[in-house]
Structure formats: C-alpha cells, structure tokens
Amino acid sequence: MKSRRINRLEAIGALMVAVLLIVAIFAPQIAPHDPSRAVAATFGDPGAPSLAFPLGTDQLGRDVLSRIIYGARISLIVGVAAMALTMAIGVTIGLASGFFGGSIDFMLMRFTDVMLSLPFLLLAMALVAVLRPSLITILFVIGIVSWTQVARVVRAETLSISERDFVFAAKALGAPARRLIVRHVLPNVLPIIVVMAALGTSGTLLLEAALSFLGLGVPPPAPSWGRMVAEGTMYFRTAPWLATSAGLAIFYAVLGFNLLGYGALQRRAR
Amino acid sequence: MLLYLARRVFFGAAVLIGTTIITFCLAFVIPADPAVAMAGAKADPQTLAAIRHQLDLDQPLYIQYAHYVDRALHGDLGRSYVRRESVTHLIASRFPATALLAVTAVLLSLIIGIAMGTVAAAYRGRAVDNTLLVVSLGLVSMPVFWLGTILLIVGGLYLHSFPLGGMTGPLSLVLPAITLALGSAGYYSRILHTNLADAMEQEYVRTARGKGLSATRVIVRHAMANAMLPLVTIAGLDLASMFSGVVLTETVFNWPGIGRLAYEAVFNLDIPLIMGIVLFSAALIVIANLAVDLLYLWLDPRIRLTAIAR
Chain A
7 MKSRRINRLE AIGALMVAVL LIVAIFAPQI APHDPSRAVA ATFGDPGAPS LAFPLGTDQL
67 GRDVLSRIIY GARISLIVGV AAMALTMAIG VTIGLASGFF GGSIDFMLMR FTDVMLSLPF
127 LLLAMALVAV LRPSLITILF VIGIVSWTQV ARVVRAETLS ISERDFVFAA KALGAPARRL
187 IVRHVLPNVL PIIVVMAALG TSGTLLLEAA LSFLGLGVPP PAPSWGRMVA EGTMYFRTAP
247 WLATSAGLAI FYAVLGFNLL GYGALQRRAR
Chain B
5 MLLYLARRVF FGAAVLIGTT IITFCLAFVI PADPAVAMAG AKADPQTLAA IRHQLDLDQP
65 LYIQYAHYVD RALHGDLGRS YVRRESVTHL IASRFPATAL LAVTAVLLSL IIGIAMGTVA
125 AAYRGRAVDN TLLVVSLGLV SMPVFWLGTI LLIVGGLYLH SFPLGGMTGP LSLVLPAITL
185 ALGSAGYYSR ILHTNLADAM EQEYVRTARG KGLSATRVIV RHAMANAMLP LVTIAGLDLA
245 SMFSGVVLTE TVFNWPGIGR LAYEAVFNLD IPLIMGIVLF SAALIVIANL AVDLLYLWLD
305 PRIRLTAIAR
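Chains A and B are the protein sequences, given in the same order. For the first sequence, the working numbering assigns the number 7 to the initial residue and increments by one for each residue that follows. For the second sequence, the working numbering assigns the number 5 to the initial residue and increments by one for each residue that follows.
Hints listed in this document are in silico derivations from the structure and should not be mistaken for laboratory results. Here the structure is a predicted model, which means the values were calculated and not measured. Yeah, the Cβ is synthetic: ideal placement off N, Cα and C, and Gly gets one too. Possibly wrong hints are sitting among the right ones.
Facing chain B, from chain A, some residues (calculated, C-beta under 7 Å) [claimed, not checked]:
(1) Leu124
(2) Pro225
(3) Ala249
(4) Phe257
Taking CB as the label site, the calculated pair distances span [to be verified]:
(5) A/Thr244 x B/Val139: 29 to 39 Å
(6) A/Ile18 x B/Arg12: 41 to 51 Å
(7) B/Leu52 x A/Leu186: 51 to 61 Å
(8) A/Pro225 x B/Tyr66: 32 to 42 Å
(9) B/Arg128 x A/Leu165: 22 to 32 Å
(10) A/Arg170 x B/Ala295: 44 to 54 Å
(11) B/Asn258 x A/Pro225: 23 to 33 Å
(12) A/Pro225 x B/Val224: 36 to 46 Å
(13) A/Arg170 x B/Thr211: 31 to 41 Å
If we strip away everything but chain A, and leave its shape as in the complex, we get (with noise of 0.2 Å):
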C-alpha cells in the first residue's frame, strides 16, 4: 500500500534542499563579503576563523565563508542541469525501450550495457580534460555519462505498466504510440521518474564536485566546492578549515538529495 504522507526522511530531505536553494538564490545578500576578492590582508597564508571571517580567510585572503556560499550556486547549476539531462536521455531511452521492446528494446539495452561496463568517472575526465572545462562542456558530459541507471529502472517501470489492461485498452481503442506513451505510460512512470531525479541529482553534485577536485571543474574565479576542497589540502598541515568546511557543504548538499529520494523511495514501497 502506497502512504501519501510524507515521512520523516523526506522532510529533512526536503528542509536541507530548500536551505541550500535559498542560500543558492539569495547569495549576494547573504555572503558577508565578494567571494572572489581579497578582503583579508594575507602574506601568501590562510587565515584562521575569526568574527570578521567565521570560516577563516584562504591563501589569496577571500573570505571562505562567502566562497562556501557562492559555491552553492555552481553546485547546484551544474547539479541540477546535469540530472536534467541525464533524465532527459534515460527516460527517453528507457521508455522507448520498454514500451517497443522487441528489437528496438534489443538495441538500446545493449547500447546502455556498453556505457555502463566503461569506467564513467575516466571517461567524463577524459571528455572533459578534451572539450576543455567549462560550465555547459561539464554538465554536457555528467548528463552523457550517467543515464544509464535511469534508463534501466525506467525500462522496467515501463514494461510492466505497458501490461495494464488499461493500457491495453487504449490500443484497442486505436490510440497512436505517441498517445499512448505520452497520456498512458508516462504519467504513471513519473512517480519513480521524480525519485530517481532526487536520486540522480546527489549523484551529479558528486560528479561535480569531484571533476572539480581534479581541476576539471568550472574554470576560477568561480568559487566551487571540489577545487577549494583541492587547494585546502595544500594547506591542511597549518589551515585545515579550508578543506574541512568546503567538503561538509558537499556533502550537505549531496546528503538533503540523498534523504529526500530515499525517502520518497521507502514511501513507495510501503
């Protein structure tokens, strides 16, 4: 039996999510200071948390705290375009496979078992590292790296609402594929749909992040998360906030997602 209420997991979920969009949206009034300028006098040395600076001041003296918030706004652009995508190719592919079946089913399955045996964090560093970093080269390459869970969990949703006698009805009715998919199919896919976009959207931010780690995330001056996680450890030994505070906002971020597709996940399968 499906339980409509919401449940605790998804509402933390749901809470941190929110905070995040808004600390994302209202950046500019929220940062205390311009994450890409020196604000605090440095000698080449991190700074350590103060009142001025709560989260301590990096090596070029910018305000981390500023930067932590600023960096929610790449997060969560490339995040969530990239989940777009992803869902985008998977549910096309997985609809169409599920729905067709037969040789087109064939196709795109082995299509789709052939993407899933390559390593996908290699491939989007290679295709990265070739098509020069950038925000839309990056999130172009999660979206084609990371489809193929969704296409396969939409695949089975679809055959098995493609044997529903109302389904069945409307063929004998002489509804055209492109109806029957779009008013009959779809509509009742989406519940797993939106569960796999939460899903998949902690799963990008981590793709993100560490592209980003590796220097092949969105070019500086841009604060993101992964490359201060990166230039902190530089600095661990005498400034260890620096690397400390950049990964718990990933993983803040990567953990609201995470609760608030699990839980709707456990919700469904009550």
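Put chain B on the given structure of chain A with help from the hints.
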C-alpha cells in the same frame, strides 16, 4: 545450460566490441594530432608523414579500427605518447597495486555493510534501525576525496599513526582502503536491509520463527541466504568498477595504481593510455558480469532450473 552460458559469453563479447568502438571514437574527439604529440611541434613534414604512416593514420577509418581491434586482441594497446612505453606494460605494472587496494576495500565494505544491514534488519523499525539508516545514507553521501583527505589529516598528521600517502607497507593500505570501502559499505547495508526485510515477510521465515527459533538465528540461517544474492552481484561488479574508479582515492593517497596512471594520462592527453585503461576496465567489468552470472547458477538452484529450461 550450455546454451545459457554461450548466450552470456556472446553478450559479453558484444559489449566489449561496443566499448572498442567508443574508445576508438574517443581518439577522434581529441583535437590533438597524435603525430605532432609524438614528434613535437617543430617536427618537419616528412617525420610527421612517417609517424602517421606508422600509426596507420593515413588509412581509411574502418581499416584503422580493424587494426586497432586486431592489435588489442593480441594484447597490444599501443604506446604511450608521453611515457614512450607500451600501454599494456604500463597497465600490467600498475595493476597489482590497484587490485590489492580494491580487493581489500570490497572485503572491508562487505564486512561493514553486512554487519550494519543485519543489525538494522534485526531491530527493524526501532531507533537502532533508523540511526543505521541515516548513517548509511551519510556514508553514501560522503565525497570520497574529502573523506580521504580528512582521514589523511587525522590519521597521518595528528595521530602520526599512518604514512602520509604512497605505498610503503601494510600500514599504508589502511586509510585508502577505508576511504574506498565506507561509501560502498553504506550502499551494501541499504541493499541488504531491503532484501532482508523482504525475506522476513516470506512464508519459510515465518515458519522458522514459528518453530521458536531466535530472531538472530532466523536472520543468519534462513533469511540471509536469499538476501545475500543481490549483494553478490553488486559486490562483484563493484570490484571490477573499483579497478577503474579508484582514481580519486589513489590521487589523494598518492597510491601507485591504475587510477593515478589514468589521472596522469588525462592531464597529458595521452590518448593511447586513456583508451587502453578505459578498454581494460570495461573488459574487467564484462568478465566480472560473467563471473557473477556463473556464481548465481551455483548459488541459486532456481536460476539453474530456468537456465536449463531456456
């Protein structure tokens, strides 16, 4: 049965052919001219032409592809532009380090994941279960490179208990293995928990409970047998994908494995090396898939029966 196996092997081979096409295409997305990359920007046209000829670059695409597959089948994955060494040799020399790390990490994550999943299922719906659920989601949400960095700071800098990276002895394996294991452990514990919860609803488990067996015994002896199956699949595939996915951990810990090799290859745009590593790890995954299918046949008689029936 034989037919089933033949089908599996055939599919595996088909997937591998698909990956060779993709790795082959990868070389053409890359704008750098391989001949220039090898000879340097100041090379004269004759040298460039000679190299192009040597690399088959003056041949039509399908012949280049045929040669590429033919060489790959003979274990020749080309030469690294930057290191001037055979790619096969480079991969082979780095493989043991990655294999050691990956196997240790998978074993560790299975131990942690199974423990967490079993305890959570035994205390289903209670505070312990909910806490473990949140912990496992936390583990899954942790960026690997960040976890590694933190472990390095705490274990290496503050406690001085572990070396600060590199592969220097048994002790140097501990932190990278934990880093790699924790994420999967969270994932495994979720899967096992779900499967155990399903298994616990089954008739045979209720019968066992009805006989008066304790909850622990029912879980360990009865429910676990069915709940473990999907975990075997996932752990098998993880082992294979870890071989390629250790890039981040190996980078953080300066571990001399394939992941670091791949990282360097990407930054040098060393195309044959990138292609080689991608193909190698795809092959590992295909082989792991096959191995898991075989293991399934052995573990689950029901699958054996349907396989024979097919």
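Results of checking the hints against the structure:
1. Leu124: holds (6 Å)
2. Pro225: violated (15 Å)
3. Ala249: holds (5 Å)
4. Phe257: Where the cut-off is 7 Å and the nearest Cβ of chain B is about 6 Å from phenylalanine 257 of chain A, the hint holds.
5. A/Thr244 x B/Val139: 29 to 39 Å: For valine 139 of chain B against threonine 244 of chain A, whose Cβ atoms are near 32 Å apart, the range 29 to 39 Å holds.
6. A/Ile18 x B/Arg12: 41 to 51 Å: For isoleucine 18 of chain A and arginine 12 of chain B the Cβ distance comes to about 43 Å; the hint holds.
7. B/Leu52 x A/Leu186: 51 to 61 Å: holds (57 Å)
8. A/Pro225 x B/Tyr66: 32 to 42 Å: holds (38 Å)
9. B/Arg128 x A/Leu165: 22 to 32 Å: Holds: the Cβ-Cβ distance is about 31 Å, inside 22 to 32 Å.
10. A/Arg170 x B/Ala295: 44 to 54 Å: violated (37 Å)
11. B/Asn258 x A/Pro225: 23 to 33 Å: Cβ of asparagine 258 of chain B to Cβ of proline 225 of chain A: about 25 Å, so the range 23 to 33 Å holds.
12. A/Pro225 x B/Val224: 36 to 46 Å: violated (53 Å)
13. A/Arg170 x B/Thr211: 31 to 41 Å: With Cβ atoms ~34 Å apart, the hint holds.
Checked against the numbered hints above, the structure breaks hints 2, 10, 12 and satisfies the rest.
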